[in-house]
Amino acid sequence: MTILKVTGLTKRFGTTDVLRGIDLEVARGERIAILGASGSGKSTLLRCLNFMERPGGGTIALDGQVLGREGKSGERTYRENELIQVRQRVGMVFQQFNLFPHMTAIGNVMEGLRTVRGMPKPEAEARARKELARVGLAEKAETYPAHLSGGQKQRVAIARALAMDPEMLLFDEPTSALDPELVGEVLAVILALAEEGRTMMLVTHELGFAYHVATRIIFLADGAIHEQGSPDEVLKNPKKERTRAFLASHKQFSF
Amino acid sequence: MRWDFASVFDNTDALLVGAAGTLRIFAICLVLGLSLGLLVGLGRYSRNRWLHIPATVFVEFFRNTPVLVQILWFYFALPILLPFQISPLAAASLGISLNSAAFSAEIYRGGIQSIETGQWDGARALGMRWGQAMRRIILPQALKRMLPALTNRAIEIFKMSTLASAVAYVELLQQGKLIASLNYNPIEAYTAVAVIFFVFLWPLVQFSYFLERRLRRDE
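Going down the list, the protein sequences come from chains A and B.
Its first residue numbered 1, the first sequence is counted upward by one per residue in this note's numbering.
Its first residue numbered 256, the second sequence is counted upward by one per residue in this note's numbering.
One should not assume that every hint holds.
Have a look at the derived ranges for each label pair, beta carbon to beta carbon [unchecked claim]:
#1 64/A to 386/B: 28 to 34 Å
#2 249/A to 469/B: 46 to 52 Å
#3 469/B to 81/A: 45 to 51 Å
#4 82/A to 390/B: 31 to 37 Å
#5 244/A to 302/B: 41 to 47 Å
#6 339/B to 16/A: 56 to 62 Å
#7 469/B to 242/A: 40 to 46 Å
#8 75/A to 464/B: 48 to 54 Å
#9 410/B to 80/A: 38 to 44 Å
#10 390/B to 21/A: 36 to 42 Å
#11 229/A to 373/B: 29 to 35 Å
#12 403/B to 81/A: 34 to 40 Å
In silico lysine to any residue, SDA-like type, Cα no more than 20 Å apart, as pairs [said to hold, decoys possible]:
#13 121/A to 390/B
#14 399/B to 146/A
#15 399/B to 461/B
Hints in this document: simulated from the structure, not taken from any laboratory.
Backbone N, C-alpha and C fix where the C-beta goes; we use that ideal spot for every residue, glycine too.
Given these sequences and hints, build the entire structure.
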């Protein structure tokens, strides 16, 4: 069953075409890893899916419902209320965590429930504790982000996204800002979510992790889908030259 | 010369009345100036030109004209243009509040702009509206950074209140002038006024240091 359908998605920054017509269908329970060189449009694609960036052209349909409406000039216009609904259904985890530094870990996790959902405090707090426990940080509930390690921060950020009960999760290079020894704890949390059968899309440079966790790999080049398929197809037997070159450069020093 | 504070002490009542007047206009201008400043600062921050342009005109106008002239203008010129009289307190409050709003608007704008865009991303990704993100995420962090500058504004407002004496509003300087003219002892009278100002402002500044320390507990 399709949860997200993207048709002809384009995005341009100034005179640069970052996305040149992406067509993509995501089924419930799918886990898609998006690979590509820097500047290939991976993050922009992800950010368009929950409207952190407004798509330039094309359409996005969530659960069969096409978002926005055709404007006079042919460009789609989106209502604020509509986008707010979408963002609650499609959670996002950022490379730089983007935790709120003036709130404790549990404050961060409760914030969406309290401010966006209007949930009463005791209920929100109980829910937030549950999510913090899920990412293994129950004992850090009252700690401010400044006193957490990078890996802990990212786990709080994941708990914060999970608290909103998203139907789909977007991870934008969740381990790229972490010290190497902290990557594992974050990947373990993401893996656990994968095993629950959650729908997720993940931009990453961790090829090994992508191989293990993803049900589909998309290789992006120059703002278009260059190659896609199962992890075995794309990572072990890539058909296209650019995919091979990309994989080779990433495995250069493996032993 | 000999210092003689006798006439100052004899007129303690007058100074108390003046102090009450100073505190009253300070409270009015602090609240009006800093809250109007927030609105104007949000206008300056906005990319909507119907908000941005009026806010910019407001800031430039009130930053580049002297407060004293504004107070005198409100007191003497406004009643000619409008069909009502204006009290010395109203004229002085208007001048000082609008001037403070213009200066604090720039503090607010700078403070809001200094917050990383990732904070907006984090708030929006949860489904927050612009106003919710501003109130819950952006402003609390910005206020912490702005506190020293806003404290300076508050001190400035307190001292600007003396300008209200130009339209004969009863505040500390006005009462000081009165006492000075009674026995012609301006040195003692104005020294007393200065001391009273210091006694009011010094704890205010200490309180702001305390606030800064408290706000830093998340670091």
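Open item on the list: Name the hints, by number, that the structure is in violation of.
Closed with: Hints 3, 4, 7 are the ones this structure does not satisfy, whereas the remaining hints hold.
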